[in-house]
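Residue numbers (this note's numbering), protein chains in the order written: chain A, 10 to 489; chain B, 10 to 489.
Simulated from the structure, these hints should not be mistaken for laboratory data. There's no promise every hint is true.
If chains are identical, the list can't say which one is meant, so a pair holds when it fits in one copy or spans any two.
Claimed, not checked - Simulated crosslink set (DSSO-like; lysine-lysine; CA at most 30 Å straight-line):
#, residue 1, residue 2
1, 158, 92
2, 217, 134
3, 263, 37
4, 481, 448
5, 72, 393
Below, each chain spelled out in residue letters.
Protein chains: 2
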Amino acid sequence: MAKEKKLVEAITSMEEDFAQWYTDVVKKAELIDYSSVKGCMILKPDGYAIWENIQAELDRRFKETGVENVYMPMFIPESLLNKEKDHVEGFAPEVAWVTHGGANPLQERLCVRPTSETLFCDFYKNVIQSYRDLPKLYNQWCSVVRWEKETRPFLRSREFLWQEGHTAHATAEEAEERTVQMLHVYADFCEETLAIPVVRGRKTEKEKFAGAEATYTIEALMHDGKALQSGTSHNFGDGFARAFGIQYTDKDNKLQYVHQTSWGMTTRLIGAVIMVHGDDSGLVLPPRIAPVQAMVIPIQQYKEGVLEKAAELKERLSAAGVRVKLDASDKSPGWKFSEQEMRGIPVRIELGPKDMEAGQCVLVRRDTREKTVVSLDELEAKVKELLEAIQNDMFARAKAHRDAHIHDAHNYEEFTETVLHKQGFIRGMWCGEQACEDKIKEDFAATARCMPFDDRQEIAQVCVCCGRPAHKLVYWGKAY
Amino acid sequence: MAKEKKLVEAITSMEEDFAQWYTDVVKKAELIDYSSVKGCMILKPDGYAIWENIQAELDRRFKETGVENVYMPMFIPESLLNKEKDHVEGFAPEVAWVTHGGANPLQERLCVRPTSETLFCDFYKNVIQSYRDLPKLYNQWCSVVRWEKETRPFLRSREFLWQEGHTAHATAEEAEERTVQMLHVYADFCEETLAIPVVRGRKTEKEKFAGAEATYTIEALMHDGKALQSGTSHNFGDGFARAFGIQYTDKDNKLQYVHQTSWGMTTRLIGAVIMVHGDDSGLVLPPRIAPVQAMVIPIQQYKEGVLEKAAELKERLSAAGVRVKLDASDKSPGWKFSEQEMRGIPVRIELGPKDMEAGQCVLVRRDTREKTVVSLDELEAKVKELLEAIQNDMFARAKAHRDAHIHDAHNYEEFTETVLHKQGFIRGMWCGEQACEDKIKEDFAATARCMPFDDRQEIAQVCVCCGRPAHKLVYWGKAY
Numbered sequence: 010m011a012k013e014k015k016l017v018e019a020i021t022s023m024e025e026d027f028a029q030w031y032t033d034v035v036k037k038a039e040l041i042d043y044s045s046v047k048g049c050m051i052l053k054p055d056g057y058a059i060w061e062n063i064q065a066e067l068d069r070r071f072k073e074t075g076v077e078n079v080y081m082p083m084f085i086p087e088s089l090l091n092k093e094k095d096h097v098e099g100f101a102p103e104v105a106w107v108t109h110g111g112a113n114p115l116q117e118r119l120c121v122r123p124t125s126e127t128l129f130c131d132f133y134k135n136v137i138q139s140y141r142d143l144p145k146l147y148n149q150w151c152s153v154v155r156w157e158k159e160t161r162p163f164l165r166s167r168e169f170l171w172q173e174g175h176t177a178h179a180t181a182e183e184a185e186e187r188t189v190q191m192l193h194v195y196a197d198f199c200e201e202t203l204a205i206p207v208v209r210g211r212k213t214e215k216e217k218f219a220g221a222e223a224t225y226t227i228e229a230l231m232h233d234g235k236a237l238q239s240g241t242s243h244n245f246g247d248g249f250a251r252a253f254g255i256q257y258t259d260k261d262n263k264l265q266y267v268h269q270t271s272w273g274m275t276t277r278l279i280g281a282v283i284m285v286h287g288d289d290s291g292l293v294l295p296p297r298i299a300p301v302q303a304m305v306i307p308i309q310q311y312k313e314g315v316l317e318k319a320a321e322l323k324e325r326l327s328a329a330g331v332r333v334k335l336d337a338s339d340k341s342p343g344w345k346f347s348e349q350e351m352r353g354i355p356v357r358i359e360l361g362p363k364d365m366e367a368g369q370c371v372l373v374r375r376d377t378r379e380k381t382v383v384s385l386d387e388l389e390a391k392v393k394e395l396l397e398a399i400q401n402d403m404f405a406r407a408k409a410h411r412d413a414h415i416h417d418a419h420n421y422e423e424f425t426e427t428v429l430h431k432q433g434f435i436r437g438m439w440c441g442e443q444a445c446e447d448k449i450k451e452d453f454a455a456t457a458r459c460m461p462f463d464d465r466q467e468i469a470q471v472c473v474c475c476g477r478p479a480h481k482l483v484y485w486g487k488a489y
Numbered sequence: 010m011a012k013e014k015k016l017v018e019a020i021t022s023m024e025e026d027f028a029q030w031y032t033d034v035v036k037k038a039e040l041i042d043y044s045s046v047k048g049c050m051i052l053k054p055d056g057y058a059i060w061e062n063i064q065a066e067l068d069r070r071f072k073e074t075g076v077e078n079v080y081m082p083m084f085i086p087e088s089l090l091n092k093e094k095d096h097v098e099g100f101a102p103e104v105a106w107v108t109h110g111g112a113n114p115l116q117e118r119l120c121v122r123p124t125s126e127t128l129f130c131d132f133y134k135n136v137i138q139s140y141r142d143l144p145k146l147y148n149q150w151c152s153v154v155r156w157e158k159e160t161r162p163f164l165r166s167r168e169f170l171w172q173e174g175h176t177a178h179a180t181a182e183e184a185e186e187r188t189v190q191m192l193h194v195y196a197d198f199c200e201e202t203l204a205i206p207v208v209r210g211r212k213t214e215k216e217k218f219a220g221a222e223a224t225y226t227i228e229a230l231m232h233d234g235k236a237l238q239s240g241t242s243h244n245f246g247d248g249f250a251r252a253f254g255i256q257y258t259d260k261d262n263k264l265q266y267v268h269q270t271s272w273g274m275t276t277r278l279i280g281a282v283i284m285v286h287g288d289d290s291g292l293v294l295p296p297r298i299a300p301v302q303a304m305v306i307p308i309q310q311y312k313e314g315v316l317e318k319a320a321e322l323k324e325r326l327s328a329a330g331v332r333v334k335l336d337a338s339d340k341s342p343g344w345k346f347s348e349q350e351m352r353g354i355p356v357r358i359e360l361g362p363k364d365m366e367a368g369q370c371v372l373v374r375r376d377t378r379e380k381t382v383v384s385l386d387e388l389e390a391k392v393k394e395l396l397e398a399i400q401n402d403m404f405a406r407a408k409a410h411r412d413a414h415i416h417d418a419h420n421y422e423e424f425t426e427t428v429l430h431k432q433g434f435i436r437g438m439w440c441g442e443q444a445c446e447d448k449i450k451e452d453f454a455a456t457a458r459c460m461p462f463d464d465r466q467e468i469a470q471v472c473v474c475c476g477r478p479a480h481k482l483v484y485w486g487k488a489y
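Put together the whole structure using the sequences plus the hints.
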């Protein structure tokens, strides 16, 4: 019992200190470890396996829309990074510079890619000649580097894993359509696979990506009421094409600039899963991305036949397509329960001598801890049903929590009251002036998270900050 | 016809200039493109898709042996790289150094990983305490950087994609067993999936990996008679463990050093596939890794019903699990044939109005160009059979070619005669002295590729170089 207590005690409660709870979970659930490289993390097997599941599902969704994968070099020559003015201003302060190859200084510095727009542009310039070469719908899975000062596991680190899609189109309309299409791919993935509800919308000019004409975003609400930008999709118009000279001959034999987009999602999504679904016992994983969906834990396993029967259940479930493991170690059942809960494994299957006699086992949901006794005859069907129910209930709960934390503010007094005393998103109208965004940021460290696509509800006619006429609805919030 | 001719003319013939043929194929089959980053290549969709298939199959085989995936930082602090003497001497001359983060110089230089032994050691030092923590069987998929002077697509580039497995074990025996086990995983993969026969063996002291006690290798023979090292597996003994202080408490409560291995395969495998199977019409891909296994090409597609029927065949094959595409573009059939051949797509399916009338289509093998007329009723079964036959025949042909290019030499006169006038491996006994390896390298630029596992045939009793007593059989060869 002493040992079991220790495992549980090691987690700070969410209410007490959310940031510490988060740090405890990523470590105790064995998702990451810190490394000797400041600001970089090690993804351990359980952490990386979640990323593999995210990758597989996102990649499938990308390919369904015609996207192809490629791989570009990880280095960008300084002169190439400098080609698009806004872009270099946004990224140069936080890139890592390679200056030597072996003992020799390089003729030109190379930065480790913080993102690869410039490399794709350089490539597109060479491979796009005619309208027949369009569209180009390329994506790559890789790691990128941004020399951040403050880092947090998954949320912000100097190196992180991501995918970056880069497309080139004949027309502005096609580029805009693709930008929005990929945002919806992201949003649907978050809701259907990660069970995380998101607000879909557009960034303000102040918050958009360096070099973009328009940035679209999905914003999720964490358990502590802070927003997490979970995926972005950018329309570059022909800005990069003009800077890099990417032109094609159209059907009328005229030279035209291409229109481009880019879109990315990162390992930060794992942080979102933790902060949306986790609880004081640790991680709670949605079944669709859980590396292990069910853990069979034998009770009184020293008794004859128990381990064998437990192994049989595992084999049956595995054959039925469930990602299942058996914990046959010599730890106590209580210790195993704690570990399974810490790791967020959606379903626990308990089986002891009495269960065997009765031809049954006990299924325990990780999310609600609800227990169900099921006949062994129905094992596969019941476990699959339960996984489905957990996935759906987790989304419903996250959505109810999110919706309960969206507050409307009609003027600055209400905004102040809300931002100081409530957690979550604040919906307020905005006049469109950056001065109001700056004021809100300065007063409360809150930012315009997005202008939602679904902005039919004009909740007021005036700006929540300055009181002048306003027609844009904005979700405001404090963000990670 | 002018256009078709152009596509074919663009390839140099293998006999004329093998190196130029290779370069032509990688470009014309659209596997890679050169980038603005000297020595780094761009993997285009067809090149990357082959890598994805290699990854999926290798990863499956790794996981079957209990291996788990992780992700380590891409940077190594200089002090960490310096911890194992032989290792740093081997790699320091060819690493890329990061010296600045943004505008600020770093306190300590970081190299971009050329390989990650030092990072894994640093990690293992923290996570291994007891015999219960062993073995650790970790692998990562990533890119690594080695600042090579001469580069060639896939074979040698400054950045390349690979996997690197790193394991830690309680005993020397276990480590040795894992080292050899992974070499066999590599060899079986090459033979079964890439249809490339390999020689399995051990490297000499001179040729082994920097810091290893023993390096095992698989060596493949390219069409031009040169050897390509295609995968290596290293046993480090406890050398790294002593340098990094990786100790565990054994069952008797005594402190012991762990024993470690590492093993890697890279995108160089794609180079091997090209150089073993390709011909003067371009790439020839083994069906098991071909991104597209069959291409449906309609004949007289402007005639009524042809395109519809071709699309139907594509759908049927796709539903049957064949990776199939339809080329419905407005190019001529001849042009499409050339493209399909250049890209190495294993099976072409021709369908024209006459075929439709007869309820048939024509299957054309890429490897032999053999044509078979098949009834549309049997389409799925026949295509699958053909893919299987192509895979097997490609291996058999490569093996026959390889075996025909293994020559025995019993003394230096025979060795000289063979190395000057024949292509391929030369089998010769070796006394074990590096002086003989050095002499052979100096005289003929040939190296000891490996000492085969299967060395029962002592083809002589004396060293092929110095004539002194010898018991080790060596495969000598010129290598990429």
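Cross-check of the supplied hints:
Proximity of residue 158 and residue 92 under a CA criterion of 30 Å is satisfied in both settings, with 26 Å inside one chain copy and 27 Å between copies. In this assembly of identical chains, residue 217 and residue 134 lie within 30 Å of each other by CA distance solely inside one copy; the values are 25 Å within and 43 Å between copies. For a Cα distance limit of 30 Å, the shortest separation of residue 263 from residue 37 across copies, 27 Å, qualifies, whereas the shortest one inside one copy, 61 Å, does not. For the identical chains of this complex, residue 481 and residue 448 are intra-copy neighbours only, at 17 Å inside a copy versus 79 Å across copies, given an alpha-carbon limit of 30 Å.
Taking identical chains as interchangeable, the C-alpha atoms of residue 72 and residue 393 lie at most 30 Å apart whether they share a chain (27 Å) or sit on different chains (24 Å).
Checked against the numbered hints listed earlier, the structure breaks none of them; every hint is satisfied.
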